[in-house]
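Here the structure of chain A is known, so what remains is to put chain B in place on it, guided by the hints.
Protein chains: 2
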Amino acid sequence: MMARLLVDGRAGETVSALDRGLGYGDGLFETIRFVGADAPLWPRHMQRLRAGCERLHLPPPDPALLLAEAREAASGLDQAVVRITWTRGVGARGYAPPAAVRPTRIVAAFEPPPADPAAQADGVRVRLCALRLAEQPRLAGLKHLNRLEQVLARAEWDDPAIGEGLLCDMADRAICATAANLFAVFDGVLATPALHRCGVAGVARAEILAARPATQVLDIPLAELAGADELFLSSSVRGILPVRELDGRRLAVGPVTRAMQAHWRALGF
Amino acid sequence: MMARLLVDGRAGETVSALDRGLGYGDGLFETIRFVGADAPLWPRHMQRLRAGCERLHLPPPDPALLLAEAREAASGLDQAVVRITWTRGVGARGYAPPAAVRPTRIVAAFEPPPADPAAQADGVRVRLCALRLAEQPRLAGLKHLNRLEQVLARAEWDDPAIGEGLLCDMADRAICATAANLFAVFDGVLATPALHRCGVAGVARAEILAARPATQVLDIPLAELAGADELFLSSSVRGILPVRELDGRRLAVGPVTRAMQAHWRALGF
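Here the protein sequences line up with chains A and B, keeping their order. Residue 1 is where the first sequence starts when you use the UniProt record's numbering, and the numbers rise one by one after that. Residue 1 is where the second sequence starts when you use the UniProt record's numbering, and the numbers rise one by one after that.
In isolation and in its complexed conformation, chain A is listed as follows (with noise of 0.2 Å):
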């Protein structure tokens, strides 16, 4: 398992068997990449989740408390995937918030993914995930616990030559990945899917629309991937990754995934 954890600030393994986070996903999280103690997108991963708990009521973490505890957690990693998981705490029985809520904290460290060159380079082949995506607007956007869309998507396939799912909603406009999120470019302009009934707005995929502004967030119809120059996913764990096959389309690398992926080494990962 290879993970170093703490809960509500303590070494330990453990959570309680009656929290809210385990029995109705209420709660939230964030996968943040370490480079030593240094977590480059650390305060765009504070910022989502801080708006993810006014989203669902819940008292937000400090920022600084968090951060000496990722760091804790990660030490004597060179590289580090901390998982940060924040849940309405310990309940009664039944649907309705507690009145006094205590949120629990756990902080995970785990080592990164092994660093894939080749799908940093020639890009990775992707699929056309089957189940489609709900829309709920309420909870589109953001990083919850309730992720079985994802388990099951993810479970959909196991070939280790596919590198991630292209995830749809139920009117066929593309969303996002299984863990990523998706970018295109149309005739030289950089474009995401907007994500205001359903997916995950990914730090990187943030730290993106900071550095290019005049992408456009728009629907995307599935059938209009077809007509892009380039295809590329990014995510907080594994960066930015060149699409070169879509559910068996190839397609070529081109400048603008280049360009976002030289700005990513530059954020020092």
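No lab work stands behind these hints, which were simulated from the structure alone. Just to be clear, a hint being listed does not mean it is correct.
What the hints assert, rightly or not - Cβ pair distances, simulated, as ranges: (1) D159/A x D229/B: 52 to 58 Å; (2) P98/B x D116/A: 17 to 23 Å; (3) R265/A x P160/B: 53 to 59 Å; (4) R102/A x A118/B: 54 to 60 Å; (5) D229/B x P213/A: 56 to 62 Å; (6) R265/B x E54/A: 44 to 50 Å; (7) A226/A x D116/B: 56 to 62 Å; (8) E54/A x A161/B: 26 to 32 Å; (9) D116/A x G268/B: 56 to 62 Å; (10) A51/B x D159/A: 26 to 32 Å; (11) V35/A x L218/B: 55 to 61 Å; (12) F186/A x D219/B: 38 to 44 Å; (13) D116/A x D116/B: 55 to 61 Å; (14) D116/A x A100/B: 23 to 29 Å.
Claimed, not checked - Sample of chain A residues with no beta-carbon within 12 Å of chain B, all distances over it, derived: (15) D62; (16) A99; (17) E207; (18) A223; (19) G254.
We treat Cβ as the ideally placed atom computed from N, Cα and C, and that holds for glycine.
Then chain B, alone, in the frame of chain A:
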């Protein structure tokens, strides 16, 4: 908290912080009313749990083991609500299910909610929730651990005079309450919403459908509820609850509701 807990068969309060039930809501649960050592709807709970495991590709539990553990947890309580949680167990980071799944089982016994003879006799007031349920056929009907919609809906009110909240889908079809199913009587015919797009297919609902095989299972637009002669809610924990007011409109408690309450008592509750 008043809970007695067995985790994987041992008395214990905690689960691994790396359990996929906590990480992704990757699992199922049942909430089962016990009268002494008896759970009149036990076979239906096990049937739903097994069906849920098939749909989520989870190994099924051993019902005899669960029953023994549920009775152990509930022992000493005249009446109990036993929650069984069944997750995909501990896994590595990431959505991909582990190659070898070792499910986690949590059996927790609680004191039941206080008896409410007035609600049974005169009915409960039901409000209309603002939240609309997302349509996800892959998860519809299951009692899975992804319950943020119910948490948000239940957080819409804290007036104890309101007994439940009615949830509709995005097309304004009535689906269910936050923690109960809905039945309506139109011109003497019992009907309940179809749950192939969203909603939880309750065990008490299944009992009613078996007892009244002529019940119509169909789409019920919210607007049509205004023409219902009777409305009631079904819950494995709270039984059959007449609805005396829906979103401000008063209803009488009618003969079909009373017949279903008599059926419920005859089961041993």
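Outcome of the hint check:
Checked against the given bound of 52 to 58 Å, the beta carbons of D159/A and D229/B, roughly 56 Å apart, stay inside it. For P98/B and D116/A, the Cβ-Cβ distance of about 21 Å falls inside the hinted range of 17 to 23 Å, so the restraint holds. Checked against the hint of 53 to 59 Å, the pair R265/A and P160/B passes, with Cβ atoms roughly 57 Å apart. For R102/A and A118/B, the Cβ-Cβ distance of about 33 Å falls outside the hinted range of 54 to 60 Å, so the restraint is violated.
Taken as a hint, the range 56 to 62 Å holds for the pair D229/B and P213/A, whose Cβ atoms sit roughly 59 Å apart. About 46 Å separates the C-beta atoms of R265/B and E54/A, a value consistent with the hinted range of 44 to 50 Å. A226/A and D116/B have their C-beta atoms about 59 Å apart, which keeps the hinted 56 to 62 Å range intact. For E54/A and A161/B, the hinted distance range of 26 to 32 Å is satisfied, since their beta carbons lie about 28 Å from each other.
At about 59 Å, the beta-carbon gap between D116/A and G268/B stays in the expected band of 56 to 62 Å. Roughly 29 Å separates the CB atoms of A51/B and D159/A, a value that falls within the hinted 26 to 32 Å. Taken as a hint, the range 55 to 61 Å holds for the pair V35/A and L218/B, whose Cβ atoms sit roughly 57 Å apart. For the pair F186/A and D219/B, the beta carbons lie near 39 Å from each other, so the given range of 38 to 44 Å is met.
Between D116/A and D116/B the C-beta distance comes to about 59 Å, which sits within the given range of 55 to 61 Å. At roughly 25 Å, the beta-carbon separation of D116/A and A100/B lies within the given 23 to 29 Å, and the hint holds. Separation of D62/A from chain B is adequate, the least Cβ-Cβ distance of about 19 Å exceeding the 12 Å criterion. Listed as outside the interface, A99/A is inconsistent with that label: its C-beta sits roughly 9 Å from the nearest C-beta of chain B, within the 12 Å cut-off.
With a least CB separation of 21 Å from chain B, E207/A remains clear of the 12 Å interface cut-off, as annotated. Here A223/A stays apart from chain B, with its beta-carbon at least about 22 Å from theirs, past the 12 Å limit. The Cβ of G254/A lies farther than 12 Å from every Cβ of chain B, with a closest approach of about 28 Å, so its non-interface assignment holds.
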